[in-house]
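Undergrad: Sequence:
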Amino acid sequence: MRPGGQPNLQQMMKQAQKMQQQMVAAQAELAEAELTGTAGGGLVTATVKGSGEVVSIKIDPKAVDADDVETLEDLIVAALHNAAQAARELTEEKMGPLTAGLGGLGGGLGLPGF
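To convert, take the position in the sequence shown, counting from 1, and add 2; that gives this note's numbering.
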């Protein structure tokens, strides 16, 4: 703050630029990250990217029962949910500190009314 309570606009712009660079780096890291979810004690494994893209599904042959396809379907869905949760947690870990400074709509930038 400058005398009289005026924010230093140049300093705020530098801070915003630094936050933007950190955000871009975190987004790139998330996009390339691969997270794995499992179900059925490892009978089904799903791998997703941080972006949410499904990369692979691995099914242990022991999980395949022609008379009980529904259980296998449930295991696949559960593994995908587990992997998606891991992706959300990684996103929060990487992006949380960056977005927390924004205070919702920019409150952390020290701008009146934001």
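A few of these clues could be false.
Dumping the calculated DSSO-like pairs for lysine-lysine here, alpha-carbon to alpha-carbon at most 27 Å [unchecked claim]: (1) K20 x K51; (2) K96 x K51; (3) K96 x K20; (4) K96 x K16.
Quick list of the computed label-pair ranges, beta carbon to beta carbon [to be verified]: (5) N10 x E75: 18 to 24 Å; (6) E72 x G98: 35 to 41 Å; (7) G44 x E95: 43 to 49 Å; (8) V57 x N10: 41 to 47 Å; (9) L11 x D62: 57 to 63 Å; (10) A18 x G98: 29 to 35 Å; (11) T38 x L11: 26 to 32 Å; (12) L11 x M97: 21 to 27 Å; (13) D70 x Q29: 23 to 29 Å; (14) I61 x L11: 30 to 36 Å.
Treat the hints as calculated values from the structure; they're not laboratory data. Just so it is clear, CB atoms sit at the ideal spot from N, CA and C, and this is done for glycine as well.
Undergrad: Look at each hint and say if it fits the structure.
TA: Verification of the hints:
Under the criterion of a C-alpha separation no larger than 27 Å, the hint pairing K20 with K51 is consistent with the structure, at around 26 Å. At most 27 Å may separate the alpha-carbon atoms for a hinted pair to count; K96 and K51 meet this at roughly 14 Å. Distance hint between K96 and K20 is fulfilled; the C-alpha atoms sit about 15 Å from each other, no more than 27 Å. Note on K96 and K16: the hinted pairing holds, with a Cα-Cα distance of about 21 Å set against a maximum of 27 Å.
The supplied range of 18 to 24 Å is broken by N10 and E75, whose beta-carbon atoms lie about 58 Å from each other. One distance hint, 35 to 41 Å for the beta-carbon pair E72 and G98, holds here, with the actual separation near 38 Å. Here the CB-CB span from G44 to E95 is close to 24 Å, at odds with the stated 43 to 49 Å. Between V57 and N10 the beta carbons are some 46 Å apart, a value that agrees with the proposed interval 41 to 47 Å.
For L11 and D62, the hinted distance range of 57 to 63 Å is satisfied, since their beta carbons lie about 60 Å from each other. About 18 Å separates the C-beta atoms of A18 and G98, a value inconsistent with the hinted range of 29 to 35 Å. Restraint check, T38 to L11: a C-beta distance of roughly 46 Å breaks the suggested window 26 to 32 Å. As the Cβ distance of L11 to M97 is approximately 26 Å, the hint placing it in 21 to 27 Å holds.
For the pair D70 and Q29, the supplied restraint of 23 to 29 Å is violated, since their beta-carbon distance comes to about 41 Å. For the pair I61 and L11, the supplied restraint of 30 to 36 Å is violated, since their beta-carbon distance comes to about 57 Å.
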